Amino acid sequence: MSQPEVKTTPASPRFRFDVLSYGPLLGLILLCIVGAVLNPDFATWGNISNVLTRTSLVGIIAIGATFVIISGGIDLSVGSLLALQSGVMILTLNHLVGSMGASVPTLLLGLLAAVVAGFVVGLLHGLLITRGRIEAFIVTLGTAAIFRAVLTELAQGGTLTFQNSKLADLYSPVYYAAPLGIPIPIVVFLAVALIAGLILNRTPFGRYVQAIGSNEQVARYATIRVDQVKVWVYVFQALCVTIATILYVPRLGSASNSTGLGFELEAIAAVIIGGTSLRGGNGKIFGTVIGAILLTTIGNVLNITSLISEYLNPAVQGVVIIIVAFLQRNRK
Amino acid sequence: MKKALLTAGILTTGLLISGLSFAQNKNAVIGVSIPAADHGWTGGVVYWANRTKTELEKQYPGLKVIVKTAKDANDQANQLQDLLTVNKIDTLVVLPYESGPLTRPIKQLHDKGVFVTVVDRGLTDETAQDAYVAGDNPGMGKVSAEYLGKQLGGKGQIVVLRGIPTVIDNQRVDAFEATLKAKYPNIKILDKKFANWNRDDGFKVMQDFLTRFPRIDAVWAQDDDIAVGVLKAMDQAKRTEVKFVLGGAGMKEFIKKVMDGDKLVTGDVTYAPSMIADAMKLTAKSVVTGSKMAKTTIIPSVLITKQNAKNYYYPDSPF
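Each protein sequence line maps, in turn, to chains A and B. full-length UniProt numbering numbers the first residue of the first sequence as 1 and each following residue consecutively. full-length UniProt numbering numbers the first residue of the second sequence as 1 and each following residue consecutively.
Rather than coming from a laboratory, the hints here were simulated on the basis of the structure. Treat the numbers as computed from the prediction; the structure is a model and nothing was measured. C-beta atoms are modelled at their ideal positions from N, C-alpha and C, and glycine is treated no differently. Careful, some of the hints might be misleading.
[Unchecked claim] Quick list of simulated restraints, FRET-style, between CB atoms:
(1) A:Ile134 with B:Arg215: 29 to 35 Å
(2) B:Thr305 with A:Glu153: 58 to 64 Å
(3) B:Asn87 with A:Glu153: 40 to 46 Å
[As the list claims (entries may be wrong)] Listed next, the stretches of chain B that the computed footprint assigns to chain A, with coverage defined by at least 3 CB atoms under 8 Å from CB atoms of chain A:
(4) 32 to 38
(5) 77 to 86
(6) 110 to 116
(7) 240 to 248
(8) 271 to 283
[Claimed, not checked] Some chain B residues near chain A, calculated using beta-carbon distances under 10 Å:
(9) Lys64
(10) Val67
(11) Lys71
(12) Asn196
(13) Trp197
(14) Phe209
(15) Thr211
(16) Asp235
(17) Gln236
(18) Met259
(19) Gly261
(20) Asp262
(21) Ser317
With these hints in hand, go ahead and build the complete structure from the sequences.
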């Protein structure tokens with residue numbers, strides 16, 4: 001990632017546990033207690049690792065969204081982008097496997113296709129928003145519709161699936177393997193969170209993103225190359241979606257119109273629960289991670305109990321989101 | 001001027017219809033309005049509609065079939081208007097996006113003399129239609145329960161993965177439960193949860209079921225898309241006590257599995273997107289030859305097993 005050349009002093013290395021993180025953490029702990037009381041199987045490592053693995057997809061996307069939202073923008077296309085990239089990857093792999101066989105190089109080329117698609121989309125978003133001077137909301141609302149429609153067209157309204165089971169078997173450990181008992185998606189999720197945390201808190205780029213989000217005009221006066229930074233923010237978001245895609249595809253080996261539906265809202269909810277202001281300016285990666293885990297855990301707790309009418313499941317999610325946001329407001 | 005033309009058009013259409021209702025109408029224009037391919041099943045509907053269009057136009061020279069796909073209820077209502085005023089259709093085969101919002105727009109066409117066949121999703125006002133062709137949702141639940149009960153030898157514990165909270169889903173699940181209760185009272189439903197007719201939710205819900213219940217004898221996933229996720233979750237959890245997973249709707253990959261003698265997918269119950277083809281054929285026959293069309297046609301849900309699977313396998317279809 002290139003950074004604008006402005007002299008900076010390194011951020012203070014002092015570790016500070018932000019009070020804002022208590023809200024979601026408290027919510028999560030409460031929820032876990034409720035879950036464990038209602039069903040003893042909740043606290044098994046099997047269940048916990050299921051929940052964390054599931055979270056990793058939306059979680060990684062939400063980490064990218066944290067940067068976008070801190071910078072004062074929004075990306076509504078991430079769910080559709082995940083669907084499109086999954087489709088592009090599966091099509092590429094199905095195409096290559098004929099000539100190259102079910103091998104690691106085939107797989108890598110398929111991943112490369114997704115990475116290239118992600119990079120191009122991120123760049124396109126960034127340029128439309130900065131050079132094109134179109135609201136991020138509008139740009140990504142438009143591309144969301146485009147991506148999903150293109151995927152549906154590619155799949156002819158059906159589902160794109162791996163045609164070669166050997167290749168699917170070769171790829172599936174990326175989602176299912178668990179070295180030392182920890183599934184790979186969880187490891188990737190934590191790694192992305194750590195790197196993103198470092199970028200946000202310890203690099204000039206991270207500070208520029210926060211400066212732009214809190215006051216774009218002032219940031220410009222401070223000779224920050226606002227447009228450039230913003231473009232990289234959207235590229236970073238698309239890169240996060242690409243990582244999520246690479247973890248998503250081996251799970252079911254297919255992509256259809258319902259792939260990634262609603263991921264954008266879940267990612268944004270995770271970011272907001274995590275204490276990042278929708279108005280931009282500042283935010284916490286740690287909070288986003290907790291927020292994402294919290295959202296998945298609600299669904300899990302409801303699934304492993306039959307406490308309420310299942311029609312009301314989404315309502316519980318809504319209530320918890322509001323409660324957590326309220327806790328944060330009080331802690332401020 | 002435009003209005004005059006419109007009135008003239010409507011009048012002519014009306015005259016044509018009334019004059020030809022008992023005679024042949026070889027030059028009929030049939031409009032087919034269906035939801036766009038937004039998931040596997042509707043993808044299948046679009047495939048079958050286009051395929052049948054070609055078939056019918058070949059079979060009845062002079063007949064014109066116009067297929068329109070709509071992205072939502074509002075879009076479909078607009079298209080219905082266009083079909084009448086621009087395409088001058090005299091016959092309509094429509095699979096409404098949603099029942100409520102499309103009842104009035106369809107009734108408007110019907111009142112102007114268009115022969116209307118409604119497919120699958122019924123209208124709230126039945127006087128707006130001349131014929132109704134639908135899949136058998138309660139039948140699907142019943143056939144599934146019977147197969148499941150027989151395969152389990154009348155006893156065991158099962159889990160149920162439902163679709164999206166809708167009337168269709170309720171009809172299926174209610175019939176399923178009623179049949180089990182009446183015929184196989186020793187089969188216990190451990191729990192049922194919504195998996196929204198999609199693979200990801202099928203995977204998640206099944207993972208949680210597997211965490212919660214130490215022994216599951218069989219799964220009724222109701223839909224093949226959900227069943228894809230269910231099978232993956234079982235595979236991941238290495239749970240081998242589950243004897244089989246019954247999906248539904250007849251997705252080609254699942255019919256192939258049944259054909260090939262898969263261990264876990266031993267059967268499937270149809271709820272075929274090709275019902276649009278049946279509706280189009282029945283309507284075209286009625287319009288062109290002047291024969292009367294049945295007021296209601298229910299396309300039964302059929303059990304697919306290894307013996308008959310090849311009759312239901314269409315490798316070209318997207319579903």
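Here's how the hints hold up against the structure:
In this structure, A:Ile134 and B:Arg215 break the distance hint of 29 to 35 Å, their C-beta atoms being roughly 56 Å apart. As the Cβ distance of B:Thr305 to A:Glu153 is approximately 35 Å, the hint placing it in 58 to 64 Å is violated. Our hint of 40 to 46 Å for B:Asn87 and A:Glu153 is violated, since their Cβ atoms are close to 24 Å apart. Coverage of a stretch by a chain is defined here by at least three residues with a beta carbon nearer than 8 Å to that chain's beta carbons; for the stretch 32 to 38 of chain B and chain A the count is 3, and the condition holds.
Only residues whose C-beta sits within less than 8 Å of a C-beta in chain A count toward coverage, and the stretch 77 to 86 of chain B has 0 of them, not enough to reach three; the restraint is violated. Interface restraint, the stretch 110 to 116 of chain B with chain A: violated (0 residues with C-beta to C-beta distance below 8 Å; minimum three). A stretch counts as covered by a chain when three or more of its residues have a beta carbon under 8 Å from one of that chain; for the stretch 240 to 248 of chain B and chain A the count is 0, and the coverage is violated. Proximity of the stretch 271 to 283 of chain B to chain A, defined as three or more residues with a beta carbon under 8 Å from a beta carbon of that chain, is not established by the 0 residues found.
Proximity of B:Lys64 to chain A is violated relative to the hint, the smallest CB-CB distance being about 24 Å (cut-off 10 Å). With 10 Å as the threshold, the beta carbon of B:Val67 stays out of range of chain A, its nearest partner Cβ sitting at about 13 Å, so the hint is violated. Proximity of B:Lys71 to chain A holds as hinted, the smallest CB-CB distance being about 9 Å (cut-off 10 Å). The beta carbon of B:Asn196 comes within 8 Å of a beta carbon in chain A, closer than 10 Å, and the hint placing it at the interface holds.
Residue-level restraint check for B:Trp197 holds (minimum Cβ-Cβ distance to chain A is 8 Å; threshold 10 Å). Proximity of B:Phe209 to chain A holds as hinted, the smallest CB-CB distance being about 8 Å (cut-off 10 Å). Contact between B:Thr211 and chain A, as hinted, is supported at the beta carbon level, the nearest pair being about 5 Å apart and thus within 10 Å. For B:Asp235, the shortest C-beta to C-beta distance to chain A is roughly 8 Å, which falls under 10 Å, so the interface hint holds.
Evaluation of the B:Gln236 hint against chain A yields a held restraint, the C-beta minimum of about 6 Å falling below 10 Å. Because the closest C-beta pair between B:Met259 and chain A is about 16 Å apart, greater than 10 Å, the hint is violated. Annotation: B:Gly261 was flagged as interfacial toward chain A, and the flag is violated, the nearest CB pair being 16 Å apart, outside 10 Å. Below 10 Å, beta-carbon pairs count as interface contacts, and B:Asp262 has none with chain A, the closest being about 13 Å; its hint is therefore violated.
Given the 10 Å rule on beta carbons, the hint for B:Ser317 holds: about 8 Å separates it from the nearest Cβ of chain A.
The earlier numbered hints that this structure contradicts are 1, 2, 3, 5, 6, 7, 8, 9, 10, 18, 19, 20.
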